[in-house]
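Trainee: For the sequence shown, our numbering gives the first residue as 8, with consecutive numbering after it.
Keep in mind the hints are simulated off the structure, nothing from the lab. It should be emphasised that the depicted structure is a prediction, and the values quoted were computed from it without experimental measurement. Please note that the accuracy of each hint is not assured.
Claimed, not checked - Straight-line C-alpha distance at most 27 Å; calculated DSS-like pairs for lysine-lysine:
id, residue 1, residue 2
1, K67, K104
2, K54, K44
3, K104, K54
4, K54, K67
5, K43, K54
To be verified - Quick list of simulated restraints, FRET-style, between CB atoms:
id, residue 1, residue 2, range
6, E103, E61, 31 to 37 Å
7, P40, E89, 25 to 31 Å
8, K54, A82, 17 to 23 Å
9, E94, R63, 51 to 57 Å
10, E71, L39, 46 to 52 Å
11, S80, H52, 30 to 36 Å
12, R48, A70, 36 to 42 Å
13, D86, L39, 28 to 34 Å
14, H90, T59, 45 to 51 Å
15, K43, E72, 24 to 30 Å
16, P40, A74, 38 to 44 Å
17, L39, K67, 46 to 52 Å
18, Y73, H52, 34 to 40 Å
19, L99, L39, 44 to 50 Å
Just so you know, even glycine gets a beta-carbon here, dropped at the ideal spot from N, CA and C.
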Amino acid sequence: MSIAQAQADVSDDQPIRPEFPQETLQDDDDPLPVRKKGRRRSTTHLKIVPETLELRERVKRAAEEYAAILDRSRAFTRDELEHHGRELLNQLQLPEKYLGFS
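Turn these sequences into a full structure, and let the hints steer you where they fit.
Mentor: Here it is, written out as structure tokens:
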């Protein structure tokens, strides 16, 4: 005598597959990606590192002095950081290409 009930409609050689609710089945389970609006502007020209150690140290010292007077009670936005970097470069009379370094 067996404890489990015999299932007459399932044979031993057929795998048992669960039935999923119809609302979970989607015809398109791999939708097309949403295309972003426009392209980001290229910033590679702003990421140049100063060539000489002397110039890098000069920018670093000036950035430390500039940042000492800033209110750091909250995080800066990207636009604020860019503004401060441009201001620092203007004070040092350096080109925009060092913006990412400053």
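Trainee: If you test the structure against every hint from before, which numbers come out violated?
Mentor: 6, 9, 12, 14, 15, 18
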